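Asks: Knowing the structure of chain A, use the given hints to seat chain B on it.
The listed protein sequences derive, respectively, from chains A and B. Going by numbering that gives the first Met the number 0, the letters in the first sequence line up with residues 0 to 795, in that order. Going by numbering that gives the first Met the number 0, the letters in the second sequence line up with residues 0 to 288, in that order.
If you are wondering where the hints come from, they were derived from the structure by calculation, not from laboratory data. Given the structure is predicted, the values throughout are model-derived calculations rather than measurements. One should not assume that every hint holds.
[To be verified] Pairs of lysine to aspartate or glutamate, EDC-like flavour, derived with a Cα cap of 20 Å:
1) B:Lys96 with B:Glu86
2) A:Lys366 with A:Glu376
3) B:Lys177 with B:Asp191
4) A:Lys736 with B:Asp235
5) B:Lys177 with A:Glu34
6) A:Lys760 with A:Glu710
7) A:Lys711 with A:Glu729
8) A:Lys736 with B:Glu86
9) A:Lys711 with A:Glu793
10) A:Lys760 with B:Glu61
11) A:Lys711 with A:Asp668
12) B:Lys177 with B:Glu29
13) A:Lys736 with A:Glu705
14) B:Lys156 with B:Glu86
15) A:Lys366 with A:Glu729
16) A:Lys736 with B:Glu84
17) A:Lys736 with B:Asp90
18) A:Lys329 with A:Glu342
19) B:Lys96 with A:Glu314
20) A:Lys17 with A:Glu710
21) A:Lys439 with A:Glu416
22) A:Lys736 with A:Glu34
23) A:Lys366 with A:Glu342
24) B:Lys96 with A:Asp444
25) A:Lys736 with A:Glu710
26) B:Lys177 with A:Glu45
27) A:Lys431 with A:Asp444
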Amino acid sequence: MASLAASFGRGAMTNHWKDIKNADVVLVMGANPAENHPCGFKWALEARDNRGAQIVTVDPRYTRTSAVADRHLQIRPGSDIAVLGGWIRKILEERLYHEDYVRLHTNASFIVADDFSFEDGLFAGFDEATSTYDRSQWRYEMGGDGFVRRDPTMENPRCVLQLLRMHYSRYTPDVVASIAGCSAADFERMSEIVCSTGTAERVGTIMYAVGWTMHTVGTQIIRAAAIMQLLLGNIGRPGGGINALRGHANVQGATDHAIVAGSLPGYLTMPTPAQASFAAHVAAYTPRPLVERTVNYWTNYSRFMVSLMKSWFGESATPANDYAYHYIGKPGGDATWLSMWDEAHQGRMRGFVALGFNTLLAGPDVKRLVTAMSNLEWKVVIDPFLHEAAEFWNAPGVDASQVQTEVLYLPAAHWIERGGSFTNSGRWAQWKEAAIDVPKDVRSDTWILSELFWRVKELYAEEGGAWHEPINNLRWDYANPREPTLEELAREINGYDLTTGRLLNSFAELRDDGTTSSGNWIYTGSWTEQGNMMARRGTEDPSGLGFHHGWAFAWPLNRRVLYNRASADADGEPWDQTRAGIRWTGSRWTGDVPDFGATTPPDGAGAFIMTEEGVARLFTTGLVDGPFAEHYEPAESPTVNILHERVSVNPTVRWYDGVRESLAQNTEDYPYAATVYRVVEREHFVTSHVPLLVEAMPDFFLEIPEGLAIEKGVPNGSRVRVWSPRGEVEGVAIVTKRIRPLTVNGRTLWTIGIPVHWGFKGITTGSMANSLTPFIGDANTRCPEFKAFLVNMEPV
Amino acid sequence: MAQLPASGLAIRRMSASSTPAPGIRSEGPEYAKLVDISRCIGCKGCEIACKEWNELGIEPTENFGSFQSHRDLSADTWLLMRFTEVEVGGDVAWFIKKDACLHCAEPGCLFACPAPGAIVQYENGIVDFNQANCIGCQLCVSGCPFDIPRFNPATRKVYKCNMCIDRVEAGLEPACAKTCPTNAISWGTKEDMVALGERKVEGLRARGLANAVLYDPPGVGGTHMMYVVPHGDQLDQYDLPADPTAGAGALAMLGTVRKLGASALGLGLLAAGLHYLGFGPQVPEEDAK
Chain A
0 MASLAASFGR
10 GAMTNHWKDI
20 KNADVVLVMG
30 ANPAENHPCG
40 FKWALEARDN
50 RGAQIVTVDP
60 RYTRTSAVAD
70 RHLQIRPGSD
80 IAVLGGWIRK
90 ILEERLYHED
100 YVRLHTNASF
110 IVADDFSFED
120 GLFAGFDEAT
130 STYDRSQWRY
140 EMGGDGFVRR
150 DPTMENPRCV
160 LQLLRMHYSR
170 YTPDVVASIA
180 GCSAADFERM
190 SEIVCSTGTA
200 ERVGTIMYAV
210 GWTMHTVGTQ
220 IIRAAAIMQL
230 LLGNIGRPGG
240 GINALRGHAN
250 VQGATDHAIV
260 AGSLPGYLTM
270 PTPAQASFAA
280 HVAAYTPRPL
290 VERTVNYWTN
300 YSRFMVSLMK
310 SWFGESATPA
320 NDYAYHYIGK
330 PGGDATWLSM
340 WDEAHQGRMR
350 GFVALGFNTL
360 LAGPDVKRLV
370 TAMSNLEWKV
380 VIDPFLHEAA
390 EFWNAPGVDA
400 SQVQTEVLYL
410 PAAHWIERGG
420 SFTNSGRWAQ
430 WKEAAIDVPK
440 DVRSDTWILS
450 ELFWRVKELY
460 AEEGGAWHEP
470 INNLRWDYAN
480 PREPTLEELA
490 REINGYDLTT
500 GRLLNSFAEL
510 RDDGTTSSGN
520 WIYTGSWTEQ
530 GNMMARRGTE
540 DPSGLGFHHG
550 WAFAWPLNRR
560 VLYNRASADA
570 DGEPWDQTRA
580 GIRWTGSRWT
590 GDVPDFGATT
600 PPDGAGAFIM
610 TEEGVARLFT
620 TGLVDGPFAE
630 HYEPAESPTV
640 NILHERVSVN
650 PTVRWYDGVR
660 ESLAQNTEDY
670 PYAATVYRVV
680 EREHFVTSHV
690 PLLVEAMPDF
700 FLEIPEGLAI
710 EKGVPNGSRV
720 RVWSPRGEVE
730 GVAIVTKRIR
740 PLTVNGRTLW
750 TIGIPVHWGF
760 KGITTGSMAN
770 SLTPFIGDAN
780 TRCPEFKAFL
790 VNMEPV
Chain B
0 MAQLPASGLA
10 IRRMSASSTP
20 APGIRSEGPE
30 YAKLVDISRC
40 IGCKGCEIAC
50 KEWNELGIEP
60 TENFGSFQSH
70 RDLSADTWLL
80 MRFTEVEVGG
90 DVAWFIKKDA
100 CLHCAEPGCL
110 FACPAPGAIV
120 QYENGIVDFN
130 QANCIGCQLC
140 VSGCPFDIPR
150 FNPATRKVYK
160 CNMCIDRVEA
170 GLEPACAKTC
180 PTNAISWGTK
190 EDMVALGERK
200 VEGLRARGLA
210 NAVLYDPPGV
220 GGTHMMYVVP
230 HGDQLDQYDL
240 PADPTAGAGA
250 LAMLGTVRKL
260 GASALGLGLL
270 AAGLHYLGFG
280 PQVPEEDAK
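Isolated chain A, as found in the complex (with noise of 0.2 Å):
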């Protein structure tokens, strides 16, 4: 997600599930949608079976979407920027780009100063001793105009179209293979399909998951797949698009509501330390115009942040205490998943509350984990189910006598005995109603939350204590006060007019004054006055490209593909007639909800509003690691990197205590690849107490590969034994065709998958598949490494 944003302004999806089926080509890489998103991936298969779209898979196992693909490339586990750099260099060597496109709606075109550069594995600005980069020596050539300069011809050697050849010059077909492990002539073949739709008459989308964040390059990945997009004019297209699957049914509402760390309600920042006012925070992301005539969106920080303070403190926010800014909290600290328990590993922290989360099964490294968590004096469990996390003292291995941690557990209600909304990956949000009941003595978050709040309040008026504002001047007008209901909440997030009391349609009607509020700008829209947006069931589709404006609401202001001003060209005419995303008949934009002034003529500005260069960036400032994508081998990999033997692995990623240690450190005692993945009949963790489902896959598994199984002796549905120098696992083999053996750097390798669904409770109990995954992440997001590892293997 924090890669979109750095390309295109907005960290989503850019499309939406019925799009795919208006795809000409569906690369699937780094996601498994026929396992884990079945009902989303018949849309796949529309478009094949009434278009005569081709449906692809790079992975590393023939997977169940493999099996009704057309092509399948194995590759191996970490090496997807290879591969998309080898598909970047194609399509720019072969000019396989859409021209007009690339020219109109993205950077490429913008001059780069001369301090940029990129050598032996480094971007220029790397600094030794901190391991980052100082992102001021990534800058565009300012004109005396105050705007960047440009090449319209493109031909300049410093603009970015140039530099973007120049760097994947070095990722040849044979380079790809090496590192990927497949061989030259396969890669060549699906890069045929893959490079095929750099036309206006051709869309191709881009499937993906986790299997592309998580990585310790898991940003770039996405990046490179965004730089291909942009090239071949796939952005802003009905069928094309970067879509990014969300691996439950709200990921991506819990996203858009600042789950992930350092971000606030519709991707505001969290103020830091530096920020000391209220102002010099909304300075800090309110970002000025690089070109003339940008709409650059983000200048309307101040209104949403304004909006989002009038709707947590109400009256107690006024211009005249900065709204409220002091009463919330600003960490200077990192607080993602690895950083948070490598301060519970250090015995820095206290306690936890982990709400709907089985914190022990899904992160890396188990054994570390259970060392953290017995360093906490305290851990809060809210979920349906008494899981692993709640009984991490009870796994195997650890001695329960030396764990003194006090547990409590707050059984809550699952998600289908309560109504409210999911967002989909598509950004759809559809209001559901609860199916069943809530189990005698469980509670909801709401009431568990609100309880929380009551208590601390409570306990502030009895015995006083600091910094009590925030929670005594919090905004808590609720019919019943001790348990909000979703409605409530969900009217609070669309927002009102505070003068008329009035629900708002639009975020264009937030003001940063104080006479509107709103919990998240971005739904503003979904609750109006004329009713539930998102209980909308409306299932007509004028347009034939399953737009479907009358079904639930999609964010931002019910408009179905992203940076649509993107499918039409400089003169607002659709790239193709057939799947026309919005398009300009001379006073107005028609089709999808324009993202774009909905009366702005196609020369008024930029087609990607959220940028301050009105364009998407192939060349970005935004990320840590560097402005062009680059392939670094994973921090526990099987071979050196080719490509810069010096800086093998992401230099920017942060080396937690003790982790280097626990890597392998050669592959003669490590000498297989290994991945984790989920299977369809599971959904992680929670449906291991449903028994039509454990029925269904009853028991943890490895995959090995034929080849290995028969040098190492293993029979299919044998037992083995797999490690890694973090922990172990033991499960039935099944032994497999789907899996063969690849030459990387020379060598020969093999892979071997794990699922993730087992632990020690539930109907049947399994190995965990985290005790062998490595503590380590993406260097911007921090999201563990768990795609791709070593480990050894042996019959039992």
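Replies: Positioned in the frame of chain A, the structure of chain B alone reads:
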């Protein structure tokens, strides 16, 4: 007269009965299910829906080195997703097949059954087992060219997919078709499903799958669960017999022996003999009509 499970449906045939039963006659279409293997992702949604709707028991099972949930069909598992890894032109392929009763137009099970009214074929094409009349002889198992019916030693009865006949009678599609997330299972009149199947096969051939076929084998008079098979040249890998027959005529010639069978004498001997006959060459049959 044998007791029948479903009341409102017109009957075409009943086991061990030489004349059709006097059912309630209705002009209704013949239904069929079409399984498009090229759209099936093997999610087992159908398998689970089948168990839920029909209230089948949960069986203790274990992973035996496969993505498949059970080794085989059983009295409690009427639908099983079978996973087979094969090589097609040097590339690996994963054949995933929904295995369950095909509801033959010429049902070998029914022809083999010696118990009056234990197996019924309705005018709508559904072949249903009526356990109340089943004597547990398992001749239906031998008579089935697809190896579908399964005996439960505890109840001493034989079970298989009934096409959710209770749903169909109420105007609904079978549970498996209802639940399929990728629309790999279609439900409609036999005529419509054949036409749809043929269109799908044409589409697959246009995509380069030259051997795609519609599996609706004439040897059993066609079936009411048909498959769109992407690799029709490898039917054996899908466990689909190339030319299955019901052997009904051969069995019909043994009408008197069948009555003997019904008296439960010499069943073992008969089973062996009938198994052969069941898979023998098809002879045009008159009796069952």
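Asks: Is Lys366 (chain A) close enough to Glu376 (chain A), meaning Cα to Cα at most 20 Å?
Replies: holds (18 Å)
Asks: Is Lys736 (chain A) close enough to Glu34 (chain A), meaning Cα to Cα at most 20 Å?
Replies: Holds, at about 18 Å.
Asks: Given the hinted pair Lys177 (chain B) and Glu45 (chain A), is their alpha-carbon gap at most 20 Å?
Replies: holds (18 Å)
Asks: Would you mind confirming whether the straight-line C-alpha gap from Lys366 (chain A) to Glu729 (chain A) stays at or under 20 Å?
Replies: holds (16 Å)
Asks: Taking 20 Å as the top limit, are the C-alpha atoms of Lys736 (chain A) and Asp235 (chain B) close enough?
Replies: holds (19 Å)
Asks: Please verify whether Lys711 (chain A) and Glu729 (chain A) have alpha carbons no more than 20 Å apart.
Replies: holds (16 Å)
Asks: Would you check the hint for Lys156 (chain B) and Glu86 (chain B), treating anything up to 20 Å between C-alpha atoms as holding?
Replies: Not OK: Lys156 (chain B) and Glu86 (chain B) at ~39 Å, beyond 20 Å, violated.
Asks: Hey, Lys366 (chain A) versus Glu342 (chain A), does the alpha-carbon distance stay inside 20 Å?
Replies: holds (15 Å)
Asks: For the pair supplied as a hint, Lys736 (chain A) and Glu86 (chain B), confirm whether the alpha-carbon distance does not exceed 20 Å.
Replies: Holds. Lys736 (chain A) to Glu86 (chain B) sits at ~9 Å (cutoff 20 Å).
Asks: Taking only the CA atoms, is the gap from Lys711 (chain A) to Asp668 (chain A) under or equal to 20 Å?
Replies: Judged against 20 Å, a Cα distance of about 15 Å means the pair holds.
Asks: Is it true that the CA of Lys711 (chain A) sits at most 20 Å from the CA of Glu793 (chain A)?
Replies: Cα-Cα ~7 Å, so holds.
Asks: Assess, step by step, whether the Cα of Lys431 (chain A) is no farther than 20 Å from the Cα of Asp444 (chain A), and give holds or violated.
Replies: This hinted pair holds, its Cα atoms lying about 16 Å apart.
In summary, the structure is inconsistent with hints 6, 14, 19, 20 and 24 from the numbered list given earlier, while agreeing with the others.
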